[in-house]
Amino acid sequence: MSDSIARIQVDTNEFVWKKDEGLFTFDGAPALLFWDSAIELFLKTIEEVSGSDVTTTVFEATGYRMGHLVSTYYKDIYNIEEILEHYSSIYRNAGWGNVKIAYYSLEEKKVVVQLKNSWEHRIFQSMDKNQAGVLLPSHWAGVFSGLFQEDMWYKTVKSQINDEGYDEIEITASSTTPSGNIHNLTRQKEQKYINELESEVSQRTEELSSLVKDLSSPVIPVLDGILVIPLMGKFNEERFEELMQKALFEFTRQQAEYLLFDLTGLKYFDEYTIQGLQRLISAIRLIGGESILVGVSPSFSIQLINSNVDMQGINSFATLQHGVQYALEQNGYAITKKR
1 MSDSIARIQV DTNEFVWKKD EGLFTFDGAP ALLFWDSAIE LFLKTIEEVS
51 GSDVTTTVFE ATGYRMGHLV STYYKDIYNI EEILEHYSSI YRNAGWGNVK
101 IAYYSLEEKK VVVQLKNSWE HRIFQSMDKN QAGVLLPSHW AGVFSGLFQE
151 DMWYKTVKSQ INDEGYDEIE ITASSTTPSG NIHNLTRQKE QKYINELESE
201 VSQRTEELSS LVKDLSSPVI PVLDGILVIP LMGKFNEERF EELMQKALFE
251 FTRQQAEYLL FDLTGLKYFD EYTIQGLQRL ISAIRLIGGE SILVGVSPSF
301 SIQLINSNVD MQGINSFATL QHGVQYALEQ NGYAITKKR
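Letter by letter, the sequence shown follows residues 1 to 339 of full-length UniProt numbering.
Honestly, the hints are just simulated from the structure, not real lab data. Remember, predicted model here, so these are calculated numbers, not experimental data. Each residue gets a CB set at the ideal place from its N, CA and C atoms; glycine is no exception. The reader is advised that the hints may include incorrect statements.
Subject to a maximum C-alpha distance of 30 Å in a straight line, what follows is the list of computed DSSO-like cross-link-like pairs (lysine-lysine) [said to hold, decoys possible]:
| hint | residue 1 | residue 2 |
| --- | --- | --- |
| 1 | K100 | K44 |
| 2 | K19 | K100 |
| 3 | K44 | K155 |
| 4 | K44 | K158 |
Okay, the calculated beta carbon distance ranges per label pair [to be verified]:
| hint | residue 1 | residue 2 | range |
| --- | --- | --- | --- |
| 5 | S105 | V10 | 45 to 53 Å |
| 6 | N184 | L32 | 25 to 33 Å |
| 7 | N162 | E200 | 23 to 31 Å |
Given only the sequences and the hints, what does the whole structure look like? Please build it.
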């Protein structure tokens with residue numbers, strides 16, 4: 001052994017340090033050495049950047065692909081049976097903890113791996129995470145997916161966090177893959193965003209609808225006993241029902257005698273609008289009030305004449321000013337110019 005190269009043989013594994021070059025190899029492949037604390041910081045950073053809901057998928061995809069890479073390296077050197085014999089010492093000697101292949105069946109496409117004192121468990125304990133490992137189980141799924149040339153995935157049967165002595169991972173053929181998990185996570189995130197957006201739109205729509213209801217047909221007190229409701233936009237059954245409830249409530253609450261319907265802003269007239277207006281006028285009449293139509297346009301007056309609506313006894317004026325003046329006169333008031 002030269003001064004520039006250090007070699008250590010542990011069982012069948014060889015570790016070589018080429019000091020002059022600053023290189024380290026493990027069984028002939030370039031390798032790195034990290035303290036547990038450095039890996040802990042690495043994992044914490046991933047979680048901080050990715051978010052807790054994404055971290056598991058990131059760890060699983062990383063572990064799986066690492067395992068798949070390992071399988072491509074060793075399958076060129078050993079057959080599967082020989083690999084299984086070497087794996088326990090390979091990972092133990094690399095500081096990954098004790099590994100035991102408890103069960104293996106090529107026919108069943110099933111492997112049971114037992115892990116004790118794994119670096120992931122050690123780090124999770126250091127991080128006070130009461131969580132079973134995900135990176136190493138998915139790593140072993142990647143290893144055997146490569147060896148069996150078939151998609152395989154893991155299920156944690158036992159866990160050291162439950163004081164069971166070791167983690168037991170059952171790996172079987174499965175349609176679950178890291179790519180599929182990533183796509184599912186992406187769809188979930190998209191759906192979550194869509195749901196949040198729909199909720200926000202729904203809330204804003206409700207607020208705007210409420211505002212429109214309040215502004216569309218306000219009941220305006222003009223003088224004692226006289227109310228005005230400006231009618232705007234297009235009316236349907238819902239709007240007319242709201243208008244009727246609001247008009248009757250305010251008319252009764254304010255003990256009014258005259259209700260003026262200002263039609264100046266009502267640009268759309270149809271038979272339904274005319275019939276609805278007649279019902280509202282009849283309802284005001286039943287509680288002892290008088291309705292007055294103001295702002296009647298020539299087109300609306302023609303439609304009223306051509307409709308089957310009985311307008312007998314309903315006063316109408318071209319302007320709001322004239323309608324208010326009429327109501328004042330009926331109450332015994334008069335508007336005079338101040339000298």
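Consistency of the hints with the structure:
In summary, the hint linking K100 to K44 is supported, as the alpha carbons are separated by about 28 Å, within the 30 Å threshold. With a C-alpha separation of about 33 Å, the suggested pair K19 and K100 falls outside the 30 Å cut-off, and the hint is violated. With a C-alpha separation of about 24 Å, the suggested pairing of K44 with K155 holds against the 30 Å cut-off. Our distance criterion of 30 Å between C-alpha atoms is met by K44 and K158, whose separation comes to about 25 Å.
Our hint of 45 to 53 Å for S105 and V10 is violated, since their Cβ atoms are close to 30 Å apart. Between N184 and L32 the beta carbons are some 32 Å apart, a value that agrees with the proposed interval 25 to 33 Å. At about 42 Å, the CB distance of N162 to E200 disagrees with the hint of 23 to 31 Å.
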